[in-house]
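One line per chain: the protein sequences are A, B and C, in this order. All residue numbers for the first sequence refer to our numbering, where the first residue is 1 and numbers rise by one. All residue numbers for the second sequence refer to our numbering, where the first residue is 1 and numbers rise by one. All residue numbers for the third sequence refer to our numbering, where the first residue is 1 and numbers rise by one.
No lab work stands behind these hints, which were simulated from the structure alone. Backbone N, C-alpha and C fix where the C-beta goes; we use that ideal spot for every residue, glycine too. Please note that the accuracy of each hint is not assured.
[Said to hold, decoys possible] Straight line, CA to CA, 30 Å or less: simulated DSS-like cross-link-like pairs of lysine-lysine:
no.: 1; chain 1: A; residue 1: Lys-249; chain 2: C; residue 2: Lys-394
no.: 2; chain 1: C; residue 1: Lys-126; chain 2: C; residue 2: Lys-228
no.: 3; chain 1: C; residue 1: Lys-403; chain 2: A; residue 2: Lys-14
no.: 4; chain 1: C; residue 1: Lys-124; chain 2: B; residue 2: Lys-246
no.: 5; chain 1: C; residue 1: Lys-376; chain 2: A; residue 2: Lys-252
no.: 6; chain 1: C; residue 1: Lys-119; chain 2: B; residue 2: Lys-246
no.: 7; chain 1: C; residue 1: Lys-408; chain 2: C; residue 2: Lys-381
no.: 8; chain 1: C; residue 1: Lys-112; chain 2: A; residue 2: Lys-262
no.: 9; chain 1: A; residue 1: Lys-39; chain 2: A; residue 2: Lys-51
no.: 10; chain 1: C; residue 1: Lys-36; chain 2: C; residue 2: Lys-260
[Stated by the list, open to error] Calculated Cβ distances over 10 Å to all of chain C for the following chain B residues:
no.: 11; residue: Phe-72
no.: 12; residue: Ala-176
no.: 13; residue: Met-187
[Said to hold, decoys possible] If the Cβ cut is set under 8 Å, some of the chain B residues that face chain A in the computed set are:
no.: 14; residue: Ile-76
no.: 15; residue: Ala-86
no.: 16; residue: Val-89
no.: 17; residue: Val-90
no.: 18; residue: Ser-91
no.: 19; residue: Leu-93
no.: 20; residue: Phe-98
no.: 21; residue: Phe-105
no.: 22; residue: Pro-219
no.: 23; residue: Tyr-267
no.: 24; residue: Leu-291
no.: 25; residue: Thr-301
no.: 26; residue: Ser-305
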Amino acid sequence: MEFSLEKREVRSKKLVFILPIISIVISMLLGAIILLACKVNPIMTYFYLVKGALGNKINLLNTIGKAIPLLLCGVGVGIAFKLKFWNIGAEGQYVWGVIGITWVMLSGKWAELTAAGTYSNASWVMLFWAWVPDSLLLPIGILVGMLMGALWAGIPAWLKAHWKVDETLSTLMLNYVVIKLAEYLYISKWKAPLGNMGTPDIPEAGFLTSFGYGGKLNTGLFMALAVVGIMYFILYKTRWGFELNMIGKNSKAARCQGVSIKRNIVIALLVSGAICGLAGAIDTAGITHKLTKGVDSGYGFTGIVIAWMAGLNPIISIFYALLMAILRTGAFSLQIKMGLNSAMGDVLQGLILIPLLATNIFVDYRLVIKHYKKKIIDKVACKEEE
Amino acid sequence: MDFFTNVVVATLVMGTSLTFATIGEIFTEKAGILNLGMEGMMLLGALSGFATVFYSGSLLFGILVGMFAGVFLALIHAFLSINMRASQVVSGLAVTMFGTGLANFLGYRLGPAPSFNLVGMNLPVKFNAIIVPFLSDIPVFGGLFRVSILTYFMYALIPFAWYFMYRTKYGLALRAVGENPRTAAAMGINVNKTRYIYTLIGGAFAGLGGACISLYHTPSWNENMTGGKGWIVIALVIFSGWNPAKAIIGTFVFGGIMQLQFAIQAYNGSSAFMAGLKSIPGQFFGMAPYLITFLVLAIMTVISSLQHKQFSSPSALCTSFAIDDK
Amino acid sequence: MNDINYKAPPVVRMEHICKRFPGVIANSDVCLELFKGEVLALLGENGAGKSTLMNMLIGLYKQDQGTIFIHGKEAVINSPQDSMALGVGMIHQEFMLVGNLTVAENVILGIKDLDFVPKMGIIKRKIQDISEKYGLAVNPDSLIEDLTVGEQQRVEILKLVYRGAEILILDEPTAVLTPGEARKLNEIIHKMLAEGKSAIFISHKMDEVLEFSDRVQILRRGVSQGVKFTKDIKNTGELAMLMVGRPVLFEFERKPYDPKDVKVKLENIVVSGALGARNILNGVSLEIREGEILGIAGVAGNGQQPLSEVITGLCCSTSGKLFLDGKDFTNKQPLAIIKEGVSHIPADRGKMGIVGDMSVEDNLSMKKYRTAQLSKGPLLKRGLFRSFANNLIKLFEIKTPTKDTEVKFLSGGNIQKTILAREIDSCKGILIAVYPSRGLDVGATQSVRESIISQRDKGCAVLLVSEELDELLMISDRIAVMHEGKIIGTVNTKGADIEEIGLMMTGIRR
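In isolation and in its complexed conformation, chain A is listed as follows:
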């Protein structure tokens, strides 16, 4: 018996929906094995996992709150991947979003503290945005966050477009440059005067309006959905989207049709980085309210996985972002309810991805099993098709 993969003539549309379900089942089985090996009840674990993510209103809103930055990173990465530009710097671009909005929103605070005489370490950089009135804190903060994310993606994009510098490696390296920078900021330079880590909270005027039960949902949700809608529209309904599609699938042919490869790579990546930066800004303005340890929470990296799973489709990304968010929120509750370390959440996340990645190929390829003893039938088949 010999297994081989044969390319399908047409992508199997129904498998696109069935495969994720099969994969989730497989990964639950695999996870159950690991849990049993550690003498933990898998059924209880999954129960509390789902309950912790969706069981009551607060948990549900927590999950959605996590899904927002995941979704945005997924969509942001998606446009880059459409060009076959492997933007692995989403994590760093997200962090820049957090840095950017914190930079803008805290200027007022630093100015206040300096004026009160209780704080003397504010540099001119930190005070730069002190002139921004409360009503403009949010829009300017978000814009600055997006701008910084855009630049952080734009630099490797320019290098790739003009000098063919490998983007997988360049964007990867840049992640850690900004993550370390953030660490410097929340440990020393921008550290709140009291406490040993983290910046002060951003002023309430800069919060995203929250609503819903317990104020757990914020307007960031609408912004995220708006971005999904806009990106979907751009990618599938506009000339530019058509051109990006061409570039990703055959850049030489695109060039022959007059499409500017270099310019489009840079612009698309500026958009990509901006969206990831937006994720960071929204998450800060809506949920975390500061820059502190744990800012590199993996939203960017998970976004890459989400984008790939969703086939770079912004709308399908919603589903996968929710899935990943459920795992994250659920994992925290596991700690409380079952004393299970939240690392189990990471295990399950990775465990879900593995079957998903493995089965993804069957959308484009079919499994063919060849039997060597079928000579007669082959002979007939060969003649028949003439």
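Please arrange chains B and C on chain A, whose structure you already have, making use of the hints.
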């Protein structure tokens, strides 16, 4: 021992784990596979090595189990990217998520009763320095001879790895596979089998590197104790130009920067220069390896393209391969 | 030619070979024999199954059915190493060489019983010996990426001889050689035949087949049309009949030659080569007028494709000027040139002409999607795409299962028709066609040529780059011959002296 010898020894101690993993990843990438699961493999290797030595008391066994952990994760990555033709980037990230999660999780379950926590436990044995007489007294470079057996193994590994890659028939096959898999296949080399083997070897060395951290560099176990070293390894591979002989340069440069920072912070003397260095925030030292690698990557690529050559990343890196691809 | 004993058992016998790929039968019940000391030509149009058949002989593919006998014994060939062990080796059209390794390393790559640490000294000496024996002039220490195409081909030959190949298969070997180099290759091969080796060469060039082979086997659509002794064939017409099964039209109807204004003008275009290498285009000047086809002849690699890329804006010139319709378009972006109405049928249709993973409909729309015909501002009008595509598919008779089928699944001929449809529909006076009938069967080639001629009759200025001199002689009004980046000379097709053209192709101007 004076300040500089200290730095040399400390660099080597930390560098051993980095170099093992770097050499492993160089071989994996030379075959055309990008392994972003490095961080997961190293952490799981660190955990497995630690747990094994904690219970068995055997350092050798610990090292072997650590390597095996790396191979286990590498097997998943290889299966996904080679057999299932998944994106190597996504597969590597998934393996990292799974591997780090698993390692951290097991760290809270495999410990002794009542807490089952391995964090903060002490090892019955560790790798101690083997000091070579005479040679270890050379100023500064004597540090090379004040290290453990793991590091001495590393000294032997580097030239062997270089020789293997550039002078043996397997190394030749490896280089062909990463450059031009189609030709390699036509010449009778089994491309996917080669990629599998070197991915697993890369995993083994990643696990070994991880075990070095928990058994030698900082003998202990802590959640996420690899602290991003896996990503530094990826940087080191680029920095060494995919050449095993140059891996040690990167290790010294990056490791040296990090160790230098610690040493500077610990310095208590009166030099103004040192005081100036002391005031540089630690994170900038932490950032340096990545920034340097980014700049090296960008500059080397630009220079090479001006000379109409290609910067030496293997041409087939990150591609998937099948004979019937038309 | 040597004396070949056709009564002795053949060295290679392939019987009843069948091979299928998804959606297409590549070989159906093909039988082939090769005798010792002979050169057998395997002739057929592209897609006839010649390369596939040979790929099975050397183990890259496995036949679905049929048996292969080498020296009388049934051979199980599962890999190129198996076939090499049996003494069969192949030189592919795309060389199987690794660029950043040396000649010596490439020669020994994959040899089964190589030492763990190969003794490079002995290996290099053996390479030198073979090189001298057959006049290959190859240095074992050179890096492949530093060698010329001709030199690389000789490395490929050396590889085979080094490994003891007795049966050599060459896939379109002269595609990249000048007539002089082709003759030299023939000498090398015959030296080897004299020692008892045998050769099969795959070709679709009929005159080459007549000149270099002992016997010819013709394949058409995966089925063998029989074998003939070359000396029994009277002319290429007869071969064409066998290849195609019907008389091939060699004459095209067209309007009398009456060129109007100059549409395309190049003045001393120079394109410099990479660091230190010679110029790719070395001062090219030419004019193309409305209502004429200017053919560019020459061995591939002498600057023809760069020339077309300068005119279409894909390649920048270091100096010189380009005028389109009297306006200076030197080094302008491709988009500007497209907007000026220049249509381009590119050399490599798969890589440059279509986006394989996009649908037929999308590919047809790639030239006009920016115009009001298919879009409104930045938005695409998908509904209009459909009717636009329908129109073109009907007009150009493009065979495709659906409009949404990804264009890479179409046959070569239909892909070229898609490109033609798109380019001709948007052509506004200038058509640049580069190797347009490469790899197409006779029917498709016919329609491509008819389209080009009809554009010319409508008043278009056409640049036609082709490797096939007979195509140029059939279609173009004037022929410019290129050699090493220069135009050696331009002649009128009527009354052209073929020998003179052939000489110009090697750089000699009488």
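Right, here's what the structure says about each hint:
| no. | hint | verdict |
| --- | --- | --- |
| 1 | A:Lys-249 <-> C:Lys-394 | holds, 26 Å |
| 2 | C:Lys-126 <-> C:Lys-228 | violated, 39 Å |
| 3 | C:Lys-403 <-> A:Lys-14 | holds, 21 Å |
| 4 | C:Lys-124 <-> B:Lys-246 | holds, 28 Å |
| 5 | C:Lys-376 <-> A:Lys-252 | holds, 26 Å |
| 6 | C:Lys-119 <-> B:Lys-246 | holds, 25 Å |
| 7 | C:Lys-408 <-> C:Lys-381 | holds, 24 Å |
| 8 | C:Lys-112 <-> A:Lys-262 | violated, 46 Å |
| 9 | A:Lys-39 <-> A:Lys-51 | holds, 21 Å |
| 10 | C:Lys-36 <-> C:Lys-260 | violated, 58 Å |
| 11 | Phe-72 | holds, 29 Å |
| 12 | Ala-176 | violated, 5 Å |
| 13 | Met-187 | violated, 3 Å |
| 14 | Ile-76 | holds, 6 Å |
| 15 | Ala-86 | holds, 4 Å |
| 16 | Val-89 | holds, 6 Å |
| 17 | Val-90 | holds, 5 Å |
| 18 | Ser-91 | holds, 6 Å |
| 19 | Leu-93 | holds, 5 Å |
| 20 | Phe-98 | holds, 3 Å |
| 21 | Phe-105 | holds, 4 Å |
| 22 | Pro-219 | violated, 22 Å |
| 23 | Tyr-267 | violated, 19 Å |
| 24 | Leu-291 | holds, 5 Å |
| 25 | Thr-301 | holds, 4 Å |
| 26 | Ser-305 | holds, 6 Å |
The structure fails hints 2, 8, 10, 12, 13, 22, 23 (numbered hints given earlier, in ascending order).
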